[in-house]
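Under the UniProt record's numbering, read the sequence shown as residues 1 to 107, first letter to last.
There's no promise every hint is true.
Label-pair distances were calculated between CB atoms; the ranges are [what the hints assert, rightly or not]:
#1 68 with 9: 20 to 28 Å
#2 25 with 91: 26 to 34 Å
#3 92 with 32: 18 to 26 Å
Don't read these hints as lab results, they were simulated from the structure. Ideal placement from N, C-alpha and C gives every residue a C-beta, glycine not left out.
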Amino acid sequence: MNHRTFFRTAAVVEAVTWLGLLGGMIMKYGPPDNEIGVEVFGPLHGIAFIVYLIAVATVFRRFRWSWGTTTLAVAAAVPPVCTVVFDTWASRTGRLGTGSTPVPSGM
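All chains, please: the whole structure from these sequences, using the hints.
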């Protein structure tokens with residue numbers, strides 16, 4: 001698996017487990033009063049988050065990201081589904097080595 005694929009996969013899995021955890025929280029604190037969603041998606045999301053951070057560190061080194069881009073990538077893991085939004089932006093701007101223009105040295 002190449003760096004770009006690893007990053008994209010980690011971003012999608014992080015987003016999906018984030019949504020699963022939110023669903024689990026609705027089940028836990030909403031009318032169903034069932035903790036199974038949090039018990040399942042809590043640990044899965046924790047692992048996915050750590051793998052995403054490893055992926056960020058990997059592409060930071062491989063594609064020589066600026067600290068600004070790297071900070072955005074890490075911050076994207078906080079709001080739900082923003083890792084996918086960041087991945088799309090990074091792909092379109094060539095920050096994952098796939099764009100037609102070279103990766104800029106700044107952000």
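Checked hints:
1. A hinted range of 20 to 28 Å holds for the C-beta pair residue 68 and residue 9, which are about 24 Å apart.
2. The hinted range of 26 to 34 Å is satisfied by residue 25 and residue 91, whose Cβ atoms lie roughly 30 Å apart.
3. Roughly 40 Å separates the CB atoms of residue 92 and residue 32, a value that falls outside the hinted 18 to 26 Å.
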